[in-house]
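Number of protein chains: 2
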Amino acid sequence: MNTEKIPDIIIGRLPIYLRALQRMAEAGNHTTSSKELGERVGISAAQIRKDISQFGEFGKQGSGYRISYLIEKLSEILKVDRIWDVVVVGAGDMGHALANYPGFINRGFQIVMVFDNDPAKIGQKIGKFIIQDAAEMVEKIRQAGIQIAMLTAPASAAQEVTNQLVKAGVRAILNYAPISLNVPENVKVQHIDPATHLQKMTYYL
Amino acid sequence: MNTEKIPDIIIGRLPIYLRALQRMAEAGNHTTSSKELGERVGISAAQIRKDISQFGEFGKQGSGYRISYLIEKLSEILKVDRIWDVVVVGAGDMGHALANYPGFINRGFQIVMVFDNDPAKIGQKIGKFIIQDAAEMVEKIRQAGIQIAMLTAPASAAQEVTNQLVKAGVRAILNYAPISLNVPENVKVQHIDPATHLQKMTYYL
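Each protein sequence line maps, in turn, to chains S and B. The numbers in the numbering used here rise by one with no breaks, and the one at position 8 of the first sequence is 8. The numbers in the numbering used here rise by one with no breaks, and the one at position 91 of the second sequence is 91.
Some clues are possibly wrong.
Since the list gives no way to pick one copy over another, a pair counts as held whenever it fits inside one copy or between any two copies.
Here are the simulated BS3-like pairs of lysine-lysine, each with C-alpha atoms no more than 30 Å apart in a straight line [to be verified]: (1) Lys-79 / Lys-167; (2) Lys-35 / Lys-50; (3) Lys-5 / Lys-50.
Hint data in this document are derived by calculation from the structure and do not stem from the laboratory. In this text the structure is predicted, and so the values were computed from the model without any measurement.
Please model the entire structure based on the sequences and the hints provided.
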């Protein structure tokens, strides 16, 4: 299996496949086809076969994919066959929503720290976490060796917080602020933006 | 311009291009290339040229794309050259975050109503909205002719709320609940899920 040169665009689709497969497994299904999976995720069967075949031979001609095996393999490829510690920066509405989000279970992630710079929030509880002082963020993240952050700071503060996260050793940032973040080449950013998702549907209205 | 048979996967990438172009415009840029745009969004220049050429000839060989023109055309194609009214269902943390989200401006959307079924929340303010009784939701949405909803209800209630939204005439749902929704063929669902976005980055760690 040579995963050295898999295009980003294919890697970006694998989590979508993985989520659909996990839901099929939860629903009690054991096998699926590229056609069925494609209908679930809105991607052609041919594309799915091509994407998955980049990593080896996971299905059998005619009998489709064994769901549990494909989940195992995709989880390995995406490195979510383990649990990653994640910090949340910003304890506003979105920080609260994330701290209480039930959707991280079995997906490879757990929130372990929440930071904010508002003295009125520091020390308060958010879900099961105590909000910690953002002034101590760099040191605490570095000590814990955490590589992933979810950034819910306001747009005006987001770049400065990002700089600190990078300094702390964070290499993957999920950005909820409606701005572009500047990061070094070795840091990944994913932007979560409801407007972009809505725009994927208006075409069909 | 024949947009009848554009694959969903291409339509799904256009909002990503549009967001990047709008940010370039805000930064004062006037022209761009498929190479530059590709580096911004993590998609190959060849793929971008191919995607955009589905809709006509928007760029000139050698001189690239005029940003304002491409923004205008992509907005037209995606039908976000107008403002769509949107309802939020669920006035929890995520509902609050959406009601206060500053990122809808110039993206084609405005929230106009927020609903919840919790008597303690109904009548309270959320951002600039009064939380309305979910029992009146179907009638109010139908009367207003609203086609788009953001669903932040808990997973246990999400399918039932979805059924009501469909009954009310909603045809596009942005789903924040960590479950799959069953909808008729003519209704689109987009799922916003932080775990999936995080999984797009762990591969690189």
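Here is what the structure says about each hint:
For a Cα distance limit of 30 Å, the shortest separation of Lys-79 from Lys-167 inside one copy, 23 Å, qualifies, whereas the shortest one across copies, 41 Å, does not. Proximity of Lys-35 to Lys-50 under the C-alpha cut-off of 30 Å is found in both arrangements, the shortest distances being 12 Å within a copy and 24 Å between copies. When the C-alpha separation of Lys-5 and Lys-50 is checked against a cutoff of 30 Å, the pair qualifies both within a copy, at 15 Å, and between copies, at 21 Å.
The structure is consistent with each of the numbered hints, conforming to all of them.
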